[in-house]
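K.L.:
Taking the hints into account, I'd like the entire structure generated from these sequences.
Those protein sequences? They're chains A, B, C and D, same order as listed.
Going by numbering that gives the first Met the number 0, the first sequence opens with residue 0, and the numbers climb by one from there.
Going by numbering that gives the first Met the number 0, the second sequence opens with residue 0, and the numbers climb by one from there.
Going by numbering that gives the first Met the number 0, the third sequence opens with residue 0, and the numbers climb by one from there.
Going by numbering that gives the first Met the number 0, the fourth sequence opens with residue 0, and the numbers climb by one from there.
Please note: incorrect hints may appear among the correct ones.
Same chains, same names: a pair is fine if it fits in one copy or spans any two.
Unchecked claim - Below, simulated DSS-like cross-link-like pairs (lysine-lysine); rule was C-alpha separation at most 27 Å, straight line: (1) Lys-50 to Lys-1; (2) Lys-1 to Lys-56; (3) Lys-138 to Lys-30; (4) Lys-32 to Lys-218; (5) Lys-30 to Lys-154; (6) Lys-19 to Lys-154; (7) Lys-184 to Lys-56; (8) Lys-154 to Lys-27; (9) Lys-40 to Lys-27.
Derived from the structure by calculation, the hints contain no laboratory data.
Protein chains: 4
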Amino acid sequence: MKQTVQQDDIVVLIDESLRKILVDTSGKTDKIKGIGVIDPKTLIGQCYGEKLTIGSKQFWLLVPSLQDKLQGLRRQAQIILPRDAAQIRMNCSIEPGQRVLEAGIGSGSLTIALASAVAPNGTIISYDIREEFIDHAMKNLKQAHLSQYVTTKIKDVTEGIDESDLDAVILDIPNPWAAVSHAWKALKVGGYLCAYSPLISQVEQTVHAIQQERFIECKTYENIQREMIVSKHGTRPSFEMLGHTGYVTFALKVTTL
Amino acid sequence: MKQTVQQDDIVVLIDESLRKILVDTSGKTDKIKGIGVIDPKTLIGQCYGEKLTIGSKQFWLLVPSLQDKLQGLRRQAQIILPRDAAQIRMNCSIEPGQRVLEAGIGSGSLTIALASAVAPNGTIISYDIREEFIDHAMKNLKQAHLSQYVTTKIKDVTEGIDESDLDAVILDIPNPWAAVSHAWKALKVGGYLCAYSPLISQVEQTVHAIQQERFIECKTYENIQREMIVSKHGTRPSFEMLGHTGYVTFALKVTTL
Amino acid sequence: MKQTVQQDDIVVLIDESLRKILVDTSGKTDKIKGIGVIDPKTLIGQCYGEKLTIGSKQFWLLVPSLQDKLQGLRRQAQIILPRDAAQIRMNCSIEPGQRVLEAGIGSGSLTIALASAVAPNGTIISYDIREEFIDHAMKNLKQAHLSQYVTTKIKDVTEGIDESDLDAVILDIPNPWAAVSHAWKALKVGGYLCAYSPLISQVEQTVHAIQQERFIECKTYENIQREMIVSKHGTRPSFEMLGHTGYVTFALKVTTL
Amino acid sequence: MKQTVQQDDIVVLIDESLRKILVDTSGKTDKIKGIGVIDPKTLIGQCYGEKLTIGSKQFWLLVPSLQDKLQGLRRQAQIILPRDAAQIRMNCSIEPGQRVLEAGIGSGSLTIALASAVAPNGTIISYDIREEFIDHAMKNLKQAHLSQYVTTKIKDVTEGIDESDLDAVILDIPNPWAAVSHAWKALKVGGYLCAYSPLISQVEQTVHAIQQERFIECKTYENIQREMIVSKHGTRPSFEMLGHTGYVTFALKVTTL
Numbered sequence: 000m001k002q003t004v005q006q007d008d009i010v011v012l013i014d015e016s017l018r019k020i021l022v023d024t025s026g027k028t029d030k031i032k033g034i035g036v037i038d039p040k041t042l043i044g045q046c047y048g049e050k051l052t053i054g055s056k057q058f059w060l061l062v063p064s065l066q067d068k069l070q071g072l073r074r075q076a077q078i079i080l081p082r083d084a085a086q087i088r089m090n091c092s093i094e095p096g097q098r099v100l101e102a103g104i105g106s107g108s109l110t111i112a113l114a115s116a117v118a119p120n121g122t123i124i125s126y127d128i129r130e131e132f133i134d135h136a137m138k139n140l141k142q143a144h145l146s147q148y149v150t151t152k153i154k155d156v157t158e159g160i161d162e163s164d165l166d167a168v169i170l171d172i173p174n175p176w177a178a179v180s181h182a183w184k185a186l187k188v189g190g191y192l193c194a195y196s197p198l199i200s201q202v203e204q205t206v207h208a209i210q211q212e213r214f215i216e217c218k219t220y221e222n223i224q225r226e227m228i229v230s231k232h233g234t235r236p237s238f239e240m241l242g243h244t245g246y247v248t249f250a251l252k253v254t255t256l
Numbered sequence: 000m001k002q003t004v005q006q007d008d009i010v011v012l013i014d015e016s017l018r019k020i021l022v023d024t025s026g027k028t029d030k031i032k033g034i035g036v037i038d039p040k041t042l043i044g045q046c047y048g049e050k051l052t053i054g055s056k057q058f059w060l061l062v063p064s065l066q067d068k069l070q071g072l073r074r075q076a077q078i079i080l081p082r083d084a085a086q087i088r089m090n091c092s093i094e095p096g097q098r099v100l101e102a103g104i105g106s107g108s109l110t111i112a113l114a115s116a117v118a119p120n121g122t123i124i125s126y127d128i129r130e131e132f133i134d135h136a137m138k139n140l141k142q143a144h145l146s147q148y149v150t151t152k153i154k155d156v157t158e159g160i161d162e163s164d165l166d167a168v169i170l171d172i173p174n175p176w177a178a179v180s181h182a183w184k185a186l187k188v189g190g191y192l193c194a195y196s197p198l199i200s201q202v203e204q205t206v207h208a209i210q211q212e213r214f215i216e217c218k219t220y221e222n223i224q225r226e227m228i229v230s231k232h233g234t235r236p237s238f239e240m241l242g243h244t245g246y247v248t249f250a251l252k253v254t255t256l
Numbered sequence: 000m001k002q003t004v005q006q007d008d009i010v011v012l013i014d015e016s017l018r019k020i021l022v023d024t025s026g027k028t029d030k031i032k033g034i035g036v037i038d039p040k041t042l043i044g045q046c047y048g049e050k051l052t053i054g055s056k057q058f059w060l061l062v063p064s065l066q067d068k069l070q071g072l073r074r075q076a077q078i079i080l081p082r083d084a085a086q087i088r089m090n091c092s093i094e095p096g097q098r099v100l101e102a103g104i105g106s107g108s109l110t111i112a113l114a115s116a117v118a119p120n121g122t123i124i125s126y127d128i129r130e131e132f133i134d135h136a137m138k139n140l141k142q143a144h145l146s147q148y149v150t151t152k153i154k155d156v157t158e159g160i161d162e163s164d165l166d167a168v169i170l171d172i173p174n175p176w177a178a179v180s181h182a183w184k185a186l187k188v189g190g191y192l193c194a195y196s197p198l199i200s201q202v203e204q205t206v207h208a209i210q211q212e213r214f215i216e217c218k219t220y221e222n223i224q225r226e227m228i229v230s231k232h233g234t235r236p237s238f239e240m241l242g243h244t245g246y247v248t249f250a251l252k253v254t255t256l
Numbered sequence: 000m001k002q003t004v005q006q007d008d009i010v011v012l013i014d015e016s017l018r019k020i021l022v023d024t025s026g027k028t029d030k031i032k033g034i035g036v037i038d039p040k041t042l043i044g045q046c047y048g049e050k051l052t053i054g055s056k057q058f059w060l061l062v063p064s065l066q067d068k069l070q071g072l073r074r075q076a077q078i079i080l081p082r083d084a085a086q087i088r089m090n091c092s093i094e095p096g097q098r099v100l101e102a103g104i105g106s107g108s109l110t111i112a113l114a115s116a117v118a119p120n121g122t123i124i125s126y127d128i129r130e131e132f133i134d135h136a137m138k139n140l141k142q143a144h145l146s147q148y149v150t151t152k153i154k155d156v157t158e159g160i161d162e163s164d165l166d167a168v169i170l171d172i173p174n175p176w177a178a179v180s181h182a183w184k185a186l187k188v189g190g191y192l193c194a195y196s197p198l199i200s201q202v203e204q205t206v207h208a209i210q211q212e213r214f215i216e217c218k219t220y221e222n223i224q225r226e227m228i229v230s231k232h233g234t235r236p237s238f239e240m241l242g243h244t245g246y247v248t249f250a251l252k253v254t255t256l
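P.N.:
So this is what it looks like as structure tokens:
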């Protein structure tokens, strides 16, 4: 059974030269580079994975991938990049069916990565103190077809966590150390704490807070990604490189008191 | 409802000093460091996440995490490390419900990472030309409680792929370029090809094969992970570091012919 | 005895806010940002390391450092960066009094680093097939006060080397492998060959050519430099980073035939 | 004119299979692997760069390179590696004829790199509070034929610097920040301060001390070196890699008060 384009979907169109064009079906009739004038709503109901004709041109219609969703999201805060989101999902053993708390929601990029990992029967609970960030992130999650896996709260995680028996708590806030003891209480035995911070001093304070609680396997990593350029001239690392994203700290809760 | 220890499970025990001990419940009565003499079968039926008494000591009983499963697996081939498995899952948009082909199975480490991402309703189809590798890997998958998501075939992927409409094809073989055109045919429109190779010449041949087919967004990455050591003396990167794992190449199939 | 500004020198001026301004004394009267209108020739004869008054402002007058010389040089080709030049000088054991051959001269940046290491009694012989590059580089060397240590030849190093008993041969050309056997003949016993190349295939061909000759200790390195940003907010690696410069291959000639 | 082996030299012998053997001519008659029984004193007076016969075998006799000297030195403290010494020499613009202060001397490895750069007419003044380190390092310097360029003092650099108008001050001590104001006073206008520290907190305190003085261009770097392995199977980065050496901070003194 073929999946069809739903209202407000972002879709991927591939033209005959294999160029990729993202179209937001919630937009108004407009001229889009590589397509021409189009009313995006006419795409609703079309079958993903099939060929369609717009004007005189033919296009392949694709579901955006997780990468497309992350690259396409409207940012209003520094986002956690896919390389770090990938490690967080792996090292925290995020799996379908889990209940995971995240604070703050930012633009929703990590939320998208987490929600796609706990689907179809898990939940992300996302705290943020800024209502406008929650609204913005939820729009991104809705377009990514993942909002049904996310519950939000306007709440400061450093003042406490309402939930208990959580599979993981992920902290992307300026002062993660202030939420470490709340996280310990809210985690199940066998649950993971994770904190993402760009600065060394944040890492140090967080690790010291973790050492005050009954966590084990506290480790901090930095993920460096290099692209290799393969061309007919030869192969070399890319000159373009992001020098730093952030440090990612993990710890495992292993007992109750 | 609490999950209980099943036959052949590997379980995690945490003692009162917060030391971690892995126990294979399929083993025989033996002296295990940190526990004493134990018949591992007596753990079957116990509740995960609870405290239990063995001899005069108390232990917390935990489900092994994905990391524990990967670290604990019996290796008979060089494995794909979690940092690379994490990126493969993310960049190939592996999600619950997908059908993904992997070749070869090796020790099953990538298979574990992929199976846990397509569960509870997806399938990994794994090809390998060496029956003993398949048998070995499936033992690891069974202990990781993931074997129900994996189908295996004694088959050389460079001679063709039986399946079609796949969400992703992941190649961890010495000559991935020889399977690129088969992968293109077997992928759905919008499906990802991935190849993992330690050598530059393998990357070059694979990228050139990819450029012969109707793939887009062909990119090659190297993932470098540095651990940061935070101690009371101060913070610094770890002196211990693995200099290289492998290069990971991705490409997206966007059309039929 | 104080050193004074010579004709055509590039000088460093530091204003009272500790801002740094480079002035080329061969230039014409002009308005220079941070100074005002100045005839640069009026700086000739002043003492380096002292304070001087220009208009109503006071400045410290400094000799440019090796770093200033390298940053200030007029480029007409991709230059070898200080991190790589530093390793070349160290690993080839470049010392005062040596005779070192370099090909090609490019903009003269490596030539400056090498000349400053063989001074005051050594010589750099620099080959290039493009006369205009030699002229340009020698202007840079003259301004760096190092031209007296450099001899140039319009010559293709892959067609042979006139000199013999050299302490080192440094190849920064697109096809270093084609000069490897010439370099072996021209080196003294105990002399170093070095090749700098951005591409893996260049490294491979050069290493294979080296293995055909009586060289030992053939090693290839990549130098990655990360800047750390220390601010009142905290410390982190710089986001800005150059992903790649080039691979540097070294080999030691240890015998005659 | 050929250079001959002097008393106490360490020499390099290359056998006919191009294997390299280091021999200390100050040693006693002994069996040396690859040579057989030899009285090292018989090598004294032989010509470097020539072939000689020992027993029934022929060897090439070579002067050790700067790399050999650094690798061969007897260590009693963690040494500064060539990659960092190379950057220190380059970024501090160390050149023949300069007067440079170093503290502490450690095993003398950085001292060797600095002394070879200021020779034949410059001086390294080296402070250390441990007389036995000075004695040990000076033995290494003597064997490297560089002791004539080095003056030592049993002195704590954080208590003051006797010299003035120095070209550079290099600090390799646990608390470099405590010597920053002394270094400022002792440097000439246009002179460089450098501090080498493994820990982030050391970098932070040093940078803050530098910001209290009239220095400019304060920058901190980390040098990461990867070896590339080129074999007949293909090319890849080495699996073996040192994850961290230290952070290197530089600053330039540009004015008197």
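K.L.:
Determine for every hint whether it applies to the structure shown.
P.N.:
Here's how the hints hold up against the structure:
For the homomeric pair Lys-50 and Lys-1, the shortest alpha-carbon distance inside one copy (13 Å) is at most 27 Å, but the shortest distance between copies (49 Å) is not. When the C-alpha separation of Lys-1 and Lys-56 is checked against a cutoff of 27 Å, the pair qualifies only within one copy, where the shortest distance is 23 Å, while the shortest distance between copies is 57 Å. For the identical chains of this complex, Lys-138 and Lys-30 are intra-copy neighbours only, at 23 Å inside a copy versus 54 Å across copies, given an alpha-carbon limit of 27 Å. Proximity of Lys-32 and Lys-218 under a CA criterion of 27 Å is satisfied inter-copy only: 24 Å between copies versus 46 Å inside one chain copy.
In the homo-oligomer, the alpha carbons of Lys-30 and Lys-154 never lie at most 27 Å apart, since the shortest distance is 41 Å inside one protomer and 50 Å across protomers. In this homomeric assembly, Lys-19 and Lys-154 never come within 27 Å of each other (Cα to Cα): the closest approach is 39 Å inside a single copy and 35 Å across copies. Taking CA atoms no more than 27 Å apart as the test, Lys-184 paired with Lys-56 passes between copies only; the shortest distance there is 24 Å, against 58 Å inside one copy. Taking the shortest Cα distances, Lys-154 and Lys-27 never come within 27 Å of each other, neither inside one copy (35 Å) nor across copies (51 Å).
With identical chains, the CA atoms of Lys-40 and Lys-27 are at most 27 Å apart within one copy only, with a shortest distance of 8 Å there and 65 Å across copies.
Checked against the numbered hints above, the structure breaks hints 5, 6, 8 and satisfies the rest.
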